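*Asks:* Chain A is fixed; fit chains B and C onto it per the hints.
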Amino acid sequence: MPTDRPIVTLMTDFGLRDTYVAQMKGVMTSQRPGVNIVDLTHAIPPQDIVAAAFQLDDAIDAFPPGTIHLVVVDPGVGTNRDILAVRSGGQFFVGPDNGIFSRILRRDQSAIVIAVDQSKFKRKAGSATFHGRDIMAPIAARLATFKREVSEVDLLQLGQPTRPMLLDATADIEPDLFENTEGRVIWCDHFGNLISNIKVGQRSDLPERADVSIGETEEIPVVRCYAETPRGSLLALIGSAGRLEVAVNGGNASERLNVGVGTSITLTCTPTEAADR
Amino acid sequence: MPTDRPIVTLMTDFGLRDTYVAQMKGVMTSQRPGVNIVDLTHAIPPQDIVAAAFQLDDAIDAFPPGTIHLVVVDPGVGTNRDILAVRSGGQFFVGPDNGIFSRILRRDQSAIVIAVDQSKFKRKAGSATFHGRDIMAPIAARLATFKREVSEVDLLQLGQPTRPMLLDATADIEPDLFENTEGRVIWCDHFGNLISNIKVGQRSDLPERADVSIGETEEIPVVRCYAETPRGSLLALIGSAGRLEVAVNGGNASERLNVGVGTSITLTCTPTEAADR
Amino acid sequence: MPTDRPIVTLMTDFGLRDTYVAQMKGVMTSQRPGVNIVDLTHAIPPQDIVAAAFQLDDAIDAFPPGTIHLVVVDPGVGTNRDILAVRSGGQFFVGPDNGIFSRILRRDQSAIVIAVDQSKFKRKAGSATFHGRDIMAPIAARLATFKREVSEVDLLQLGQPTRPMLLDATADIEPDLFENTEGRVIWCDHFGNLISNIKVGQRSDLPERADVSIGETEEIPVVRCYAETPRGSLLALIGSAGRLEVAVNGGNASERLNVGVGTSITLTCTPTEAADR
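Chains as they are written, first to last, in our numbering: chain A, 1 to 277; chain B, 1 to 277; chain C, 1 to 277.
Don't take every hint at face value.
[Stated by the list, open to error] In silico DSS-like cross-links for lysine-lysine, where the CA-CA straight-line distance does not exceed 27 Å:
(1) Lys120(A) with Lys199(B)
(2) Lys199(B) with Lys122(C)
(3) Lys122(A) with Lys199(C)
(4) Lys124(A) with Lys199(C)
(5) Lys199(B) with Lys199(A)
(6) Lys199(C) with Lys199(B)
[To be verified] Label-pair ranges, simulated between beta-carbon atoms:
(7) Pro271(A) with Thr79(B): 54 to 64 Å
(8) Asp61(A) with Leu177(B): 55 to 65 Å
(9) Pro207(C) with Gly215(B): 51 to 61 Å
(10) Gly201(C) with Gly260(A): 35 to 45 Å
(11) Ser151(C) with Glu174(B): 28 to 38 Å
(12) Thr217(B) with Pro207(C): 55 to 65 Å
(13) Thr79(B) with Gly260(A): 23 to 33 Å
(14) Glu219(A) with Gln109(B): 43 to 53 Å
None of these hints come from the bench; they were simulated from the model. The model shown is predicted, which means the values in this text are computed figures rather than measured ones. We put the CB at the ideal spot given by N, CA and C, even for glycine.
Chain A on its own, in the form it takes in the complex (with noise of 0.2 Å):
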């Protein structure tokens, strides 16, 4: 079931209280009608690059072959920072050269990363303080009027090859099956699940005895869904994206613990010739 709908995702730090986020989506529907827009969340922290690398990865996969993510996280809006367009994996990604697409461009070396050439892009009368609007906005309106294979050439209409900012602060870390793995917390969810940097892709990947430790509580075993432990209990599990995360069933691990972001986690896995004896 073909469609001529592009989709835009959307990801900033705008919050939804103003109407900035709205402002971006009257531009990109004014350049391209028909645009298929989708929030992917804009609770991202003010300014937390490191945050939004992490969330544009986790959800990206649940997306189709030409999807044009746009990321609006840009402390230095109005400086002379790059701003990206990015093609990996199929996908496409708009937003300033801040570290914002680390996850992305450190997992696809053949990515194609563009410095665009913000002139050809920038609305009269735009503003020194909303590239997200005046500038990026038109880019993605762009990138969703190329069909679904877009060539390098096309890409290259948009401004010259560069070299992106990396962030070392937005990598994994894999988890050791024989001694203990330290990670940290890099988002708390709605539920207060704390979602750590430890990515383990799904409960058969640990061996069967394996538990956590995070702030001073310790032996939180690593089960696999919430309701296998009795409600009100702590508990840890591979979430949705296969990131190790601590959980209370039917509770909030966050205030549970008055932990955050930033907090150390520490999985010990003990093998299971280790455990039988």
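*Replies:* Coordinates of chains B and C only, in the frame set by chain A:
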């Protein structure tokens, strides 16, 4: 003015901080390009099935036949609870079998209720913690490919008929026009209006003299609209879903009275002849 | 790239907790399938008509001709206040006659303003408390069935011309380039930026030396963009709607200064020749 863009509404307890809602939209749009997704609300209190049942039922009349309502309030995710697909009143419903559809199913004895064969829909690399994205969104996308007139045969392609879970706490109270009616607050809205399970219909269904007591406050008159009383006055009225509610004109009743969901509320009707004496 | 999908924007004081906004979308989509609905904001403070007037006017330039803006901030719902349909600047507006369109109507003397015949649009079983859903959404849906070039004759089908209510509090202050200009904070955004009714246009419209005082803080320099000052610095600039605002680079000015909407703000311009002496 016909359209081939089926509407899917989303109701969850996910909040708006995370990308969870967006991921569900991405999956549905991948599988059924052009689907028209409308957010009902994502502010159901975490795991509050009763609240979801009321909010869903009070909202669906505004949507056209053929609308698919996807409701993800799912504390049992990852357990063996069923996932339901329901046809009732010309609309469709998808969600876990935990009572969220109690109001719809008690009202409509002819509803078709299917326990979906989840293995037919589960996404590759699906998680044990996010069936909204990994199983239910694909089911909704499938329903959206049917024509408006989905037959029972079509629905039986999804799974087997089942008897759903029903929750008593989702029942309404009918007003007694001659005596006291006892109900409770089931929802506090953005304005602080305290909305009850006493379902009236409209103001003219009650006698001229009717008043309400809630908490320690008595004799709150039941009026027709907010502006009918002086600014700052406590009042009761029949809200836009036909429910008795307590409000403050230009203010916040929940804060004023310091009460919320679960508080008892009593409607006292004085029949016209008694009032005349 | 033409489209037959008219845009309807929604601005309300409904918040995002309830299904009220969704119900309006359901009604419009029922009556005009394919309509493209964009949320402007639902975070107008309850019943705050002045805030709505400013937020609306600052957002509409981002939308294309033919856009229909539906604004529901309606403390007088259920009384005999009119409901307006307005054509101005190639766009359309629907909402209660309480001053929310003051800014648009004062600027455009040639606007067509109709008091809508509500009986033509009221939904069966409509309520006395939710005209946004029961009368205004149907009016917006009707406007969306017109072609982009709606004539005055088309609009007169909806009701009779009227003189709308205008509110003085929605006026802007023009900067005095040689003396002090007194204004006030009209909006505090998600970042804590304090946005004023002093409308400048852009930074270059002011002399090189210009500074701001707000609350007990004086001599805040007016710069061009947030990152032009050290992180954590208090600054003033001309925001994306051309308004003078006070901000903190990487921080929250409202929290830092402990002030909000209504606070006085003074712009002091020093003409270049005076500054040179």
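*Asks:* What are the numbers of the hints the structure violates, in ascending order?
*Replies:* 1, 5, 6, 7 and 11
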